[in-house]
Each structure stands twice: as structure tokens, then as C-alpha cells.
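Enquirer: One-letter residues, chain by chain:
Number of protein chains: 2
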Amino acid sequence: MIHHMPSFEKLVFELARLPGIGPKTAQRLAYHILKSPADYTEALSEAVRQLPEKVRQCPQCFTYTENLDLCHYCSNPERDDSVLCIVEEPGDISRIDSSGAFRGRYHVLHGAISPLDGVEPEDLTIEPLLKRIRMGLNDEAPAIKEVIFALDADLEGDTTVLYLAKILKEKGVKISRIAHGVPIGGDIDYIDNRTLGRALENRISL
Amino acid sequence: MIHHMPSFEKLVFELARLPGIGPKTAQRLAYHILKSPADYTEALSEAVRQLPEKVRQCPQCFTYTENLDLCHYCSNPERDDSVLCIVEEPGDISRIDSSGAFRGRYHVLHGAISPLDGVEPEDLTIEPLLKRIRMGLNDEAPAIKEVIFALDADLEGDTTVLYLAKILKEKGVKISRIAHGVPIGGDIDYIDNRTLGRALENRISL
Numbered sequence: 001m002i003h004h005m006p007s008f009e010k011l012v013f014e015l016a017r018l019p020g021i022g023p024k025t026a027q028r029l030a031y032h033i034l035k036s037p038a039d040y041t042e043a044l045s046e047a048v049r050q051l052p053e054k055v056r057q058c059p060q061c062f063t064y065t066e067n068l069d070l071c072h073y074c075s076n077p078e079r080d081d082s083v084l085c086i087v088e089e090p091g092d093i094s095r096i097d098s099s100g101a102f103r104g105r106y107h108v109l110h111g112a113i114s115p116l117d118g119v120e121p122e123d124l125t126i127e128p129l130l131k132r133i134r135m136g137l138n139d140e141a142p143a144i145k146e147v148i149f150a151l152d153a154d155l156e157g158d159t160t161v162l163y164l165a166k167i168l169k170e171k172g173v174k175i176s177r178i179a180h181g182v183p184i185g186g187d188i189d190y191i192d193n194r195t196l197g198r199a200l201e202n203r204i205s206l
Numbered sequence: 001m002i003h004h005m006p007s008f009e010k011l012v013f014e015l016a017r018l019p020g021i022g023p024k025t026a027q028r029l030a031y032h033i034l035k036s037p038a039d040y041t042e043a044l045s046e047a048v049r050q051l052p053e054k055v056r057q058c059p060q061c062f063t064y065t066e067n068l069d070l071c072h073y074c075s076n077p078e079r080d081d082s083v084l085c086i087v088e089e090p091g092d093i094s095r096i097d098s099s100g101a102f103r104g105r106y107h108v109l110h111g112a113i114s115p116l117d118g119v120e121p122e123d124l125t126i127e128p129l130l131k132r133i134r135m136g137l138n139d140e141a142p143a144i145k146e147v148i149f150a151l152d153a154d155l156e157g158d159t160t161v162l163y164l165a166k167i168l169k170e171k172g173v174k175i176s177r178i179a180h181g182v183p184i185g186g187d188i189d190y191i192d193n194r195t196l197g198r199a200l201e202n203r204i205s206l
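Line by line, the protein sequences are chains A and B.
If you count the first sequence from 1, position 92 lands on 92 in this note's numbering, and the numbers rise without skipping.
If you count the second sequence from 1, position 205 lands on 205 in this note's numbering, and the numbers rise without skipping.
Each statement offered as a hint is correct.
The calculated BS3-like cross-link candidates involving lysine-lysine, where the alpha carbons are at most 27 Å apart (straight line), are:
no.: 1; chain 1: B; residue 1: Lys-145; chain 2: B; residue 2: Lys-174
no.: 2; chain 1: B; residue 1: Lys-131; chain 2: B; residue 2: Lys-145
no.: 3; chain 1: A; residue 1: Lys-10; chain 2: B; residue 2: Lys-35
no.: 4; chain 1: A; residue 1: Lys-54; chain 2: B; residue 2: Lys-35
no.: 5; chain 1: A; residue 1: Lys-54; chain 2: B; residue 2: Lys-24
no.: 6; chain 1: B; residue 1: Lys-145; chain 2: B; residue 2: Lys-166
no.: 7; chain 1: A; residue 1: Lys-131; chain 2: A; residue 2: Lys-145
no.: 8; chain 1: B; residue 1: Lys-171; chain 2: B; residue 2: Lys-131
no.: 9; chain 1: B; residue 1: Lys-10; chain 2: B; residue 2: Lys-54
no.: 10; chain 1: B; residue 1: Lys-35; chain 2: A; residue 2: Lys-131
no.: 11; chain 1: B; residue 1: Lys-166; chain 2: B; residue 2: Lys-131
no.: 12; chain 1: A; residue 1: Lys-174; chain 2: A; residue 2: Lys-131
no.: 13; chain 1: A; residue 1: Lys-131; chain 2: A; residue 2: Lys-169
no.: 14; chain 1: A; residue 1: Lys-54; chain 2: B; residue 2: Lys-10
no.: 15; chain 1: B; residue 1: Lys-24; chain 2: A; residue 2: Lys-35
no.: 16; chain 1: B; residue 1: Lys-10; chain 2: A; residue 2: Lys-10
no.: 17; chain 1: A; residue 1: Lys-35; chain 2: A; residue 2: Lys-24
no.: 18; chain 1: A; residue 1: Lys-24; chain 2: B; residue 2: Lys-24
no.: 19; chain 1: A; residue 1: Lys-10; chain 2: A; residue 2: Lys-24
no.: 20; chain 1: A; residue 1: Lys-10; chain 2: B; residue 2: Lys-24
no.: 21; chain 1: A; residue 1: Lys-166; chain 2: A; residue 2: Lys-145
no.: 22; chain 1: A; residue 1: Lys-169; chain 2: A; residue 2: Lys-145
no.: 23; chain 1: B; residue 1: Lys-171; chain 2: B; residue 2: Lys-145
no.: 24; chain 1: B; residue 1: Lys-35; chain 2: B; residue 2: Lys-24
no.: 25; chain 1: B; residue 1: Lys-24; chain 2: B; residue 2: Lys-10
no.: 26; chain 1: B; residue 1: Lys-54; chain 2: A; residue 2: Lys-24
no.: 27; chain 1: B; residue 1: Lys-54; chain 2: A; residue 2: Lys-10
no.: 28; chain 1: A; residue 1: Lys-35; chain 2: B; residue 2: Lys-10
no.: 29; chain 1: B; residue 1: Lys-10; chain 2: B; residue 2: Lys-35
no.: 30; chain 1: A; residue 1: Lys-145; chain 2: A; residue 2: Lys-174
no.: 31; chain 1: A; residue 1: Lys-35; chain 2: A; residue 2: Lys-10
no.: 32; chain 1: A; residue 1: Lys-35; chain 2: B; residue 2: Lys-54
no.: 33; chain 1: B; residue 1: Lys-131; chain 2: A; residue 2: Lys-35
no.: 34; chain 1: A; residue 1: Lys-10; chain 2: A; residue 2: Lys-54
no.: 35; chain 1: B; residue 1: Lys-10; chain 2: A; residue 2: Lys-24
no.: 36; chain 1: A; residue 1: Lys-24; chain 2: B; residue 2: Lys-35
no.: 37; chain 1: A; residue 1: Lys-131; chain 2: A; residue 2: Lys-171
Read the hints as simulated data drawn from the structure, not as lab findings.
Since the model is a prediction, treat every value here as computed from it, not as a measurement.
From just these sequences and the hints, can you work out the full model?
Expert: Now the structure itself:
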């Protein structure tokens, strides 16, 4: 679709680079932005511009934070220092935390091991993770007694869990992985075979 | 979902104001923007910011243009001045034009009459449209002989066509409306009843 408007086409192009936004959606969004009052355009542009300026990675758990030092989760003195939950992405933390079932500390790997995509252990925050666990075990800081993996239930997640479990077992840390199975309220009819297989493997004796 | 990051939440909020973008999608987009290199963030922010500065409405047909005077379509001397295609939104023009079936002039109403939504004829570009047709008929400029309505096939589009047809008929202009019916390649099994009804009503004798 040709619009004969370079600025408009530039915006369509930039929007279409976002995940899940095709050229048609990008065009629809651009027309909406064009029809919006100037204060919305200004607010959206400014919100995008300031994001990388304001957000950094927490030096301890590597989640995104706007705090100058430790993030919201690492700086909270009421959380349990002895349990560490390992996640792939910063967004996973708020999802797990809002379940209310975990009040320990977090560690963000920023991905998962995937040789096919060229993601090696060195590309993740594994080195600082091991340092963190070692520090906890040797120093005055409360020891990390348990590591819970909350990684995606795919090949990359599985590979990463296996890789880290091997290292952590040698260090005598208790490790576990969140359960994968039929969702609460889920109809067995609609659950895929792999999930159902996992739910059967991991059945809990009553 | 609480992120404890005001700048991040601000961007999620602004993105979620776009049509078809819910809070979850907005969050996914914001995380993507956060992971993107700085030059993308800068390009996107700048593309949004400059849009309302660069784009204005064509003083003749009211489509969006970045030209200083008449738009790409109005300033083209090779287009047919005697046929005028009336559309609701600027985006409709590029769709119709890329069909290659129309080489006349356009006029953008910027909406359709909708008393329920408070859109009255005065809110649309009807006054300048009538002036444009009158000028064509009286002055030296080539007369507008035919007006084609390419409005949406909904209640608002129908109302607008009826309203304008009444006025234009009095002025002796030939008026027509694009055909609504079964799309080319469309399977009759999958066409909704209203479209099929319209296709039967407007059947073409062979």
C-alpha cells in the first residue's frame, strides 16, 4: 500500500517491526495516531523515548528496574533469602509474584540455552547466578538453600534446567522445578498430549 | 500486573490506548521495546513525534498529505476531474486506488453520519464537498459529472449515502454506489446472510 507520505510510511515501518504487528495493523495504528489529539502523540513518543533512559538491570537479580541500586524485589528486607526462583525473562517475575505463592528472591537468566539460536550459557546471567549462590553459602549472608526453576516448558527451558541442575547439585543446593500439568479449571478434553503426558508422569500420590 | 517501574507502566498505559492493543499485548510490546537497541527506540519515538508535524489535510479532498498544498491525488493533472469518489477515511483512498479501477478524484468525509454517536452532517466535510461540486458545475473547471460513493456497507454508510444522494440528485449529478456482494473467490457457504441478501438484490442481468 502506497500512501505518498514519507513520515506516515516511516511510522508504519517502525510499528511493523514490533512482534505480532503486521503491515496492516501497523497502518491501522498509524492512522489512529494521526487522528489522536497532539497530547497523546506527545505522550506516546515521550514514553518510548524515555524508557531506555529510565530502566536498567538490577545488579543482583538482573530484572528490569527503575531503582538506582537494587530492584524492588532484591531490596525488600522481608523476602526470604534462602529460596531463589530462576526465570527466563523479567516479565515472568511479576506473573509469579502476583500468584502470591512465592516470597523468596529471583534471578533472571535473560533467555534460555539454545544452541540452534546460538544462545550459549555464557550469554545468560549464569556466572553471576553461581557467584550469588556461592556467596550465600560461604559468607555471612543467609545461605541459598533451595533453587526453584520457573523456566518455560520447552526444549530450551529443559536444556537450561538440566545444565544448571548438574552444576547446582554438585554444590549441595536443593533444586526443584515448578510443576507442569493440566491448568486449574482446564478441561482434559482440550489439553494437548505433551501437557497431559507431563501431568501423568508427575502425578502426585494421594 | 504491577512492575514497580513507573516509566515502563507509563508506556504500557499509552500503548494500551491504541485500538486492538490490550494490556497484555501492550506489556509484551513494552518489553520488546526495552530489549531493542537504542536506535530502534529513538526511531520509533521520533516517527510518532514528527507525524502530526508533517501530516496535514489536503485543502481540496481532505485526505492526509505531507505536501504543502494539494495532495498526491488532487495535484495529479492526469486524473479525471469529472468523476468523484467519496470515501469515509483517508486510508480508503489507497485501497481503492491500488485496485487500478478508478482514476478520478477523491473526497474524504472523515466519518459517516451517525446520530447515535453524535456525528451530524456538519461534523463531516460535506459543506466543502457541495462547494466543490457546485464549483465544478458553474465555473470554468471541468464539471463533476458523476459521484461514486465508496462508503462502508453499514448503517452509518447507508445513512450518509441517502442523505447526500438526496442533495446531489437535486443538483443533477449522476450518483452511484460501489457494488456490495460476494467477494471474488468467496465461497457462498461462508458468506453472511446480509451480504448474500445484498448480492441477490443487486443481481446483474446477463
